[in-house]
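The residues making up each chain are set out below.
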Amino acid sequence: MSTDTLAADLETALPTTLFRFATAGSVDDGKSTLVGRLLHDSKAILADTLDAVARTSADRGFGGEKGGIDLALLTDGLRAEREQGITIDVAYRYFATDRRSFILADCPGHVQYTKNTVTGASTADAVVVLIDARKGVLEQTRRHLSVLQLLRVAHVIVAVNKIDLVEFSESVFREIEADVQQVGRELGLGSDGISDLLVIPVSALDGDNVVDRSERTPWYTGPALLEVLETLPAADELESHLESFRFPVQLVIRPQGALAPDAVAAGLDVEAYRDYRAYAGQITEGSVKVGDQVSVLTPGQDPRTTTVAGIDFAGSSLEEAAAPQSVALRLADEFDVARGDTIAAAGTVREASADLYAALCWLSPKPLREGAKVLVKHGTRTVQAVVRNVSGKLDLSTFKLEGASSLELNDIGHAQLRLAAALPLENYLHHRRTGAFLVIDPLDGNTLAAGLVKDHPGDHEDERYSI
Amino acid sequence: MSTFLTEETQVTDAAVSTRLSSLDTLESEAIHIIREVVAEFEKPALLFSGGKDSVVMLHLATKAFWPGKVPFPVLHVDTGHNFPEVIDFRDRTVERLGLKLVVGSVQEFIDSGELAERADGTRNPLQTVPLLDAIQRNKFDAVFGGGRRDEDKARAKERILSLRDEFGQWDPRNQRPELWNLYNGRHTVGQHVRAFPISNWTELDIWRYIERENIELPGLYYAHEREVFARDGMWRAVGEVSQPLPHEEVITKTVRYRTVGDMSCTGAVESDAYTVSDVVVEVAASTLTERGATRADDRISEAAMEDRKKDGYF
Ligand SMILES: Nc1nc2c(ncn2[C@@H]2O[C@H](COP(=O)(O)OP(=O)(O)O)[C@@H](O)[C@H]2O)c(=O)[nH]1
Ligand SMILES: [Mg+2]
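For the record, the sequence lines run as chains A and B. According to this note's numbering, the residues represented by the first sequence are 2 to 468, in order. According to this note's numbering, the residues represented by the second sequence are 9 to 322, in order.
Note that these hints are calculated values from the structure, not bench results. The C-beta atom is built at its ideal place from N, Cα and C for all residues, glycine as well. Be careful, since some hints might not be right.
Partial chain A-side listing against chain B, Cβ under 10 Å, derived [said to hold, decoys possible]:
(1) Phe20
(2) Asn117
(3) Thr124
(4) Ala264
(5) Gly311
(6) Ala315
(7) Thr383
Quick list of the computed label-pair ranges, beta carbon to beta carbon [stated by the list, open to error]:
(8) Glu216(A) <-> Ser285(B): 39 to 49 Å
(9) Ala339(A) <-> Arg181(B): 32 to 42 Å
(10) Arg214(A) <-> Glu174(B): 46 to 56 Å
(11) Glu272(A) <-> Glu219(B): 32 to 42 Å
(12) Leu166(A) <-> Glu224(B): 41 to 51 Å
(13) Val291(A) <-> Asp280(B): 41 to 51 Å
(14) Asp96(B) <-> Gly316(A): 45 to 55 Å
(15) Lys147(B) <-> Arg214(A): 51 to 61 Å
If we strip away everything but chain A, and leave its shape as in the complex, we get (with noise of 0.2 Å):
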């Protein structure tokens, strides 16, 4: 393309929007070949790095005689994954089409999995899970997909990769398909109203549907992966409808104009700013008017209800914001607002509570016990813990819950936790920031755990929460 051409583009186009995805399966299902696919056929790649990423193929004899790139290199950045031919550590990649930027999470498969699928599916509006077209659906495959229910991910897609080494069997791929409908319907997948679930025959390897349409499989009419990655609704466009407007405070705004003149920025008039007061942060959830009625939650307070006098951004006042802006609030009330505190839609929010009940996801080599004290992150607030118990252990092959006193590393469970504050919890199941926390051993500091939040046992239990 000449680069008046794209000049010309560059005007014209419309604002690209953001898509973030990972990949999840097995070893050697073929994901880093995706990955390398992807972002090679989206012209991603630079002429440099394939340079070098040949070189390495060459030297290493990939492909045999017949030579060839091995695309996995691309993804494998670190000097052991390159050594060893494997993955290690979730890889972050970037590449663009006309419509979306996309940012993608390269998962590694092997005994880490649960730690690295649920990583790089927390921030997923989808998650492609590969399955070798020889081997179909694998025990593997079930807990991976048991793990993005679990997580609420948007849109699942499972690419039957490897078709080419089938002979493009369209009978090979019925029966994967059908199979992987039947394990969707075990897990609620996909008829929840919350995901949806597609199942796409692929050859990474090749290119077979993964940028355009093949015409190796002439069975099969759906579109290819980049273009269904290219126009599933990001899950903050799925949730920006919902009324339950959630805002974690980060931090107050309060330069104090001429009482305290260092503090506000060069340029400003100070006098101005004398009594600037804000609450910046993030929106989570929802959306946000001027003159909205929000309720503050404080832990351990009642809400207090005030309503929205200002949403600033930078010097500039907008009239509405949604998730995932971040701005700084202003309130019509003097409330003392603090860190940690939650600004949310008024009258949308439950009680908070002291007593959490959670499914973890233990992602640290040091198991969890009965009693441990532990801290627990939730939005902008981090509080001490106490692990009442563990009630049980999901085997995500069965998706049934075992009895278990304690959780190990890859293990998912479900435990109650007393908290030393009172937290405005909600069900992960329909707020998927709010309902999400992190466990993290007050000793290293390190985290020891994902956490959902469950409904109590006395409240309307969630059968998908049973599982």
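Since the structure of chain A is already known, use the hints to place chain B with the ligands on it.
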């Protein structure tokens, strides 16, 4: 509880009609991270070299705290081999925003014998020691960097909040999982955290943002005439610390810089991009990565960046 189960079905008329653009989403994410670090750490600082990524970082920080002032100092690790116009830009920017500037000097460490000049004359890898020294002496517990994951394979594996031990080392095989937008910055005494709020930005995002926000940059990012000579397949500027060898012919070319680092290892590219919108077009059409095109220090080996990062580099 009942309110929760019904709200899914209610559609609010306040539904925001347009989706945020990718730049707005990236900006909001970065500002959220900057505010988290300021709220949770005692003494943060921002690495500021006058390079485009650090200029964008500082711009984001001014937006994050408006109308308040940026609540942390900026830190520059001075190789002593800087482009004079970049140092000038650095000082003007710090002055304009009324910030405090802390400088760690590679030259001082060489003069005192604590560091030795490398055979290839490159000083970029020498920045690690003065950087860690400045962090320790000023008791910074969080340091903002403008690193982006699209810059390099090793950076692609870096967390947004990245824990460093007492020796400033990065352990890529033992990183904390980063979940949702909940960042865990807990650390023990002696450890510190590197924060990378623009991890998810690409080079093109940076330029589009510079264009959109009308952000001033040092002039050498735009096409200008300069005396250069060819070395290692790059155009190197003639300067005090960057002298041509007898066989290297000096010519005048219209060039610009894609990265601005140590004068002894940063090369220019031939370019007629005189304005920011010219640069956006040029970057969009480029077939080389910015580091591959212009950084001798990253050409040393496939794992050059990973090795430097493990030792405590940016
Ligand atoms: N024939 C064929 N081989 C593939 C395909 N996708 C991946 N492979 C090969 O399968 C092996 C494992 O791929 P890789 O991407 O490293 O798998 P990962 O462990 O899931 O990242 C490599 O030898 C790839 O070249 C495909 O679609 N067809
Ligand atoms: Mg891999």
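Status of each hint after checking the structure:
1. Phe20: holds (9 Å)
2. Asn117: holds (8 Å)
3. Thr124: holds (6 Å)
4. Ala264: Holds. Min distance 6 Å.
5. Gly311: violated (12 Å)
6. Ala315: holds (4 Å)
7. Thr383: holds (9 Å)
8. Glu216(A) <-> Ser285(B): 39 to 49 Å: Holds, at about 40 Å.
9. Ala339(A) <-> Arg181(B): 32 to 42 Å: The hinted range 32 to 42 Å holds for Ala339(A) and Arg181(B), with Cβ atoms some 38 Å apart.
10. Arg214(A) <-> Glu174(B): 46 to 56 Å: This hint holds: roughly 55 Å between Cβ atoms.
11. Glu272(A) <-> Glu219(B): 32 to 42 Å: About 34 Å separates the Cβ atoms of Glu272(A) and Glu219(B), which means 32 to 42 Å holds.
12. Leu166(A) <-> Glu224(B): 41 to 51 Å: Because 55 Å falls outside the window, the suggested range is violated.
13. Val291(A) <-> Asp280(B): 41 to 51 Å: holds (47 Å)
14. Asp96(B) <-> Gly316(A): 45 to 55 Å: At 27 Å between Cβs, range violated.
15. Lys147(B) <-> Arg214(A): 51 to 61 Å: Since the Cβ atoms of Lys147(B) and Arg214(A) sit about 59 Å apart, the hinted range of 51 to 61 Å holds.
Hint compliance for this structure: hints 5, 12, 14 are not met, and every other hint is.
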